[in-house]
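Asks: For reference, the chains in residue letters:
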Amino acid sequence: MNSLRKIVVFGGTSAIAEAVMRRLVEEGASVFFVGRSAEKVHSVMNDLNVRSTSEQKIKGVVADLSDTTLHQNLIEESREYLGGLDAVLIAYGTLPNQKECERDPQKALAELHINGNSIVHLLLHLACYFEEKKTGVIAVISSVAGDRGRQSNYVYGSAKGMLSLFLQGLRNRLYHCNVDVVTIKPGFVDTPMTSDFKNKGILWAQPETVAHGIIKSMKKGKNSVYLPRFWFWIMLIIKNIPEFIFKKLSL
Amino acid sequence: MTNYFSWNNLPRINPSSVFSPRFCSDMERFEKRSQPYLVQGNARSYGDVCLNKNGTLIQSEYLDRFISFDQQYGVLRAESGITLKSILSLTVPQGFFLPVSPGTQLATLGGAIANDVHGKNHHIQGSFGHHVLKIGLLRSTGEILECSSEQNQELFYATIGGLGLTGVILWADIQLRTIKSPWMHVYSQRFDSLEEYWDLNHYYEERCEYVVSWVDCLGLGNKQGRGIIFAGDHIASSEQRILRYHESRLNIPVQLPFSLVNKISLKVFNQIYYRKKTFPAGTSVHYIPYFYPLDSIQNWNRIYGKKGFYQYQCVLPMDRAFLGIQQLLKIIAKHQEGSFLAVLKSFGAQNSLGMLSFPREGVTLALDFPNRGARTLELFVQLDRIVRDSGGALYPAKDARMSAELFQESYPKWESFSEYIDPLFSSEFWERVTK
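Just so you know, the sequences run in chain order Y and D. With the first sequence counted from 1, adding 1006 to any position gets you our numbering. With the second sequence counted from 1, adding 2 to any position gets you our numbering.
Bear in mind the hints are in silico, worked out from the structure with no lab data behind them. Predicted model only: the values in this text are computed from it and were never measured. Hints may contain errors.
To be verified - If you anchor each label on the Cβ, the simulated ranges turn out as follows:
hint, chain 1, residue 1, chain 2, residue 2, range
1, Y, 1209, D, 6, 13 to 23 Å
2, Y, 1078, D, 19, 37 to 47 Å
3, D, 73, Y, 1126, 29 to 39 Å
Don't be surprised by glycine CBs; every beta carbon is placed ideally from N, CA and C.
Can you make the complete structure from the sequences, with help from the hints?
Replies: Pasting the structure below:
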């Protein structure tokens, strides 16, 4: 079982990350998290502070993680604040509007940067730390959208797809020094990021449910998990539709 | 399709638009959505106070954060969408409890304020509004006003019990009370008549903080007015208990096409329940089953079937209460309708702070009725007559059908209250009882 007593969360004000942090704080963890909006970081930090005891340390800092020059310092700050790291959760990202990206390739690149490149950069820094430490767990929220390209969101999907592939390699590298790398692939989650979807049906999960799955997978050191689990079966079908059929579908 | 009905599934009204902010800061821009606006918390009221057909429903579900907790003085500040359950799970282990608690812990803080809810200890603690120190109120102008008994006073008293019409309650400060243990010492005792209830209620109110009674709403003749009184106190010692409380996970998984509550099931239940073991000498119960027995069955509202149900809760002033309750029970028993849980309790003399607050000195009776259409509504007309003649009132949070006349008569401050309504806010209830 991996310890999650000292965890740093990138993208701590997202609905899923906040649910994860609440749960871990209730279990007694100390948390360092990064968010983009000062107001939101402040609200989440206050809430976690009230939920924690005086022995736990809670700190939220404001930073735009698409600025990769900040990464190294943030990692160091969190290490110092928590006195070493047990675990990392990377949960930041955007859900770009595909149509806008198609009209404006610059926007597409910016989205690929935030959802893909910047996370790769952050992970490479973290990997060095954990490689030396020789224990720990790194979890990253990827997406089922990264399993197969679809016309409705292939910019987002390709960033997530790259991420999933990168994480496979990283998992392989860090296996030899006893560090787990967990790829989290949530299906549809009812969060503000998805507020434009109407009529959320049975495929939609609550952030708390997904958070519970993330924590379990991190503790157990899973490789790649679909959350909720039934997405494994859905994606198994989607991945196996022959391309000559798939290209005709409007998914 | 997601529904935004209240707990009794009646009326079946969805808003034309829904907005679910995740942070208070998301809320500050009043986007150009359809008006009027209204906040809905966890939709645990019964009726249409939290419904808004033609406008935008602001869901406060995600505004569920703590802001600060002063453990020395027991003052908690939290966002309005937090449930009483989340508050209690934080504060009980630290020795603090809500000074007033309604019959469900799944209500939100904002809902508890907007409906100025009451508990079984009204004779000691008054209603929820008595323990609210400050409210952060967002008006549609974008302005956030801090309201308390010293600041923006009028708006403070309009917002307590103000049915969410004065703007968005973003956060509130509440004064908690200390407890020594999560366990309760409770007494229960049968009574055979309303006369006996009156004496027992008086007896226990002088001795216990919490008093409430179940009454057999089907009892006719010499069975009329029989029931069981439940009284209790927080256990005053902190001795470690070996007993552990396990939360029940019962669930009614689906909406039934018909109501399980009918003449026969009700009769059987009431006969059995009346004979339930009582504890005149007292016993220990954990606070969750004591305060929130129905919460242990998730989605219990589904037993009333697709057509939903009505709640009928009235209060009658003390001097007319005995006769009035007697008449009400007689009519209900004659119709052989009503609920498993018919609840009788008295409100103490403490005046409510809110301009539209329901609690007032007297005796209150609350029942659920399966929705049988016109038949049920006719019964209510008869009950209304008694409430009106006694100078009583109905509870807006549990109403889906009272007439505008009855509302305006029993809430005489409604006109002065309307000056404090946010111009962009309204609700189905308000449209119904004032237009």
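Asks: Would you mind marking each hint as holding or not holding in the structure?
Replies: Hints and how they fare:
| no. | hint | verdict |
| --- | --- | --- |
| 1 | Y:1209 <-> D:6: 13 to 23 Å | holds, 20 Å |
| 2 | Y:1078 <-> D:19: 37 to 47 Å | holds, 45 Å |
| 3 | D:73 <-> Y:1126: 29 to 39 Å | violated, 44 Å |
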